[in-house]
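Chemist: If you're matching them up, the sequences are chains A and B in order. Be aware that the first sequence starts at 3, since it is given in this note's numbering, and climbs by one per residue. Be aware that the second sequence starts at 295, since it is given in this note's numbering, and climbs by one per residue.
Be a bit skeptical, because a hint or two may be false.
[Said to hold, decoys possible] Partner residues are not named here, just some residues of chain A that face chain B (Cβ under 8 Å, in silico):
(1) K9
(2) A12
(3) A15
(4) M64
(5) A65
(6) V66
(7) N67
(8) L76
(9) V93
Keep in mind that the hints were calculated from the coordinates and are not lab data. The beta carbon of each residue, even a glycine, is placed where N, CA and C say it ideally should be.
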Amino acid sequence: MQLQDIKKLAEMARIEMTDQEMTDMANDFGGILAYVNQVRETVGISQEEVNFSFTNVAREDMAVNGGGEYTDILVAAFPSSEDNYLKVKQVL
Amino acid sequence: MIDLKNLTIEKAHNHFKNGDFTVTDLVNEYLKVIDEKNKDINAYVEVFDVKDQVSKAEEMFREGNATLMTGIPISIKDNMLMKGYVSSCGSRMLENYVASYDSSVITQLKNAGAVILGRTNMDEFAMGSSTETSAFGITRNPINRDYVPGGSSGGPAASVAMDGALCSLGSDTGGSIRQPAAFCNLVGLKSTYGTVSRSGIISMASSFDQVGPFTKTVRDAEILFNAINAYDENDATSTPTEKRLPATPLKKRIGIPREFLSGDGIDKEVLKNFDESCEKLKNAGYELVDVSLPLIKYSLAVYYIIHPAEASSNFARYDGIRYGLSSEAQKLLDVYTKTRGKGFGKEVRRRILLGTYILSHGYYDAYYNASVLVRKAIRKEMMNAFKDVDVIVTPTSPFPPFKFGEKSNDPVAMYLSDVFTVSANVTGIPAISVPSGLNKDNLPFGFQIMAPFLREDILFTIGKDFEKLV
């Protein structure tokens with residue numbers, strides 16, 4: 003892993019880091035990937051052998067709370083708000 | 295003076311009923327210890343004002359509604375939402391985040407009248423095996439303060455080991471209850487995935503996380519587990535009541551995965567203690583059986599592929615928008631990148647990037663998909679082994695407690711802490727760590743017992759038998 007690779011990942015993950023931090027990270031990655039690569043040693047496990055069945059337990063996508071029940075407590079956590087609206091930087 | 299060292303949940307309950315001391319008296323004893331020791335040990339990040347909880351507990355005794363957990367002073371890990379209180383997950387990202395609802399386990403504890411003394415320290419976002427990565431300082435092992443208490447639930451473990459709580463709730467994703475329990479000479483249980491609700495527990499890796507007890511005795515772990523072991527409709531992965539299994543008679547056969555215990559990375563004294571522990575069970579009437587688990591050695595690699603992928607997805611929510619840390623910036627994108635750069639510590643950033651890499655185009659198949667298959671195969675292999683034995687045992691940790699900084703320079707060296715604990719999270723089966731003696735430096739060993747899905751009863755039976763022999 004090179005600095006360039008870490009830069010790309012940091013961009014994807016939306017994390018700002020210094021070049022030094024990213025260089026250190028690239029070094030760490032080497033050891034970690036070397037260790038986890040052993041998973042690729044395991045061969046011959048077919049999809050069919052290990053399939054389990056699944057059931058969807060999600061409820062219907064309908065409102066179940068009264069309007070405004072949690073508004074105050076959620077707005078209180080907003081870093082920036084105006085009239086119960088979450089205030090953010092320009093999106094477009 | 296109440297003897298906190300030898301106190302158990304049932305003893306406390308009987309003392310309350312007999313009027314030997316009140317809930318107020320007991321809570322005050324623990325608060326005194328916290329006052330005395332917490333500055334140095336740093337188990338607690340915040341101690342709560344418990345007046346109302348204490349009143350409620352005492353009222354429950356007066357009205358005859360008290361259960362075993364009523365009035366019991368308990369601490370919680372700093373990743374369990376409790377409405378109106380900060381849950382910071384050991385991170386600057388959530389340093390001032392106030393929970394807007396109660397986790398289901400908190401609701402259960404409140405209904406039982408337990409007294410939640412405060413939130414305890416942890417590795418940042420549960421990523422670590424030593425409680426060295428918390429943004430709020432290290433936690434020291436009360437047994438020897440130069441040593442780590444283990445992690446990521448180092449605070450919960452230390453709070454009990456220092457007699458700053460009678461019991462605690464931690465969380466375990468790869469070993470984060472069992473390993474600190476072993477390091478602090480306590481009992482730690484990770485129950486079957488799905489038994490304890492994850493609603494309100496700040497997610498690390500959603501297919502691995504489970505909440506569980508830290509206690510001094512196996513019976514106490516059983517009591518605390520029973521208080522939180524229930525189906526919850528707010529947790530889509532919660533095991534329905536009708537699927538939970540009853541106890542059946544033991545075969546009295548204990549499986550030992552010999553090949554798995556023969557690596558270089560295992561401390562000789564740990565292996566010796568493990569063999570002695572097995573002998574004790576044999577002398578108590580159990581049969582020791584060698585089991586072959588050729589895939590179990592891939593558990594740690596599988597874990598370090600799948601869980602960073604899940605964590606990186608889970609942590610996308612920390613973006614400086616709706617709650618938590620928010621960095622000032624001109625552009626929206628910079629709000630994200632600066633907040634996350636500032637709010638996340640080094641280990642968290644490392645795992646997020648690892649997860650991002652694993653899930654990225656070109657690597658998804660080779661790493662993530664391959665690991666999901668291997669994970670299923672390990673689970674199948676484990677289920678097969680349990681046809682012949684009641685439990686499979688290993689040491690909890692491959693090495694005894696280590697000193698601060700000893701494993702901080704090499705991530706993989708730290709990750710290897712979990713080599714024995716992680717299989718239970720990969721497969722979902724329940725596992726308990728029980729104290730099994732002290733080494734020549736008076737540091738504790740832990741003995742890990744794993745059982746089939748939904749058979750926590752087997753862990754309690756064999757755990758209690760083992761306890762008497764140590």
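Chemist: For the hint on L76(A), just tell me whether its beta-carbon gets within less than 8 Å of chain B.
Modeler: Holds - the Cβ of L76(A) comes within 8 Å of chain B, reaching about 6 Å at its closest.
Chemist: Using Cβ atoms only, decide whether V93(A) comes closer than 8 Å to chain B, and label the hint accordingly.
Modeler: Result: holds, 6 Å to nearest chain B Cβ.
Chemist: Hey, does the V66(A) contact hint survive, CB to chain B under 8 Å?
Modeler: Since the shortest Cβ distance to chain B is 11 Å, the answer is violated.
Chemist: Using the nearest Cβ pair, does M64(A) come within less than 8 Å of chain B?
Modeler: Violated. Min distance 15 Å.
Chemist: Does the CB of N67(A) sit less than 8 Å away from some CB of chain B?
Modeler: violated (12 Å)
Chemist: Does the closest beta carbon of chain B sit nearer than 8 Å to the beta carbon of A12(A)?
Modeler: Holds. Min distance 7 Å.
Chemist: Quick check on A15(A) please, does its C-beta sit within 8 Å of some C-beta on chain B?
Modeler: Interface hint status for A15(A): holds (5 Å vs cutoff 8 Å).
Chemist: Does the CB of A65(A) sit less than 8 Å away from some CB of chain B?
Modeler: Since chain B brings no Cβ nearer than about 16 Å to A65(A), farther than 8 Å, the hint is violated.
Chemist: With chain B as the partner, please determine if K9(A) meets the hint condition of a C-beta pair closer than 8 Å.
Modeler: With Cβ-Cβ at 10 Å, over 8 Å, it is violated.
Of the numbered hints given earlier, the model fails hints 1, 4, 5, 6, 7; all others are met.
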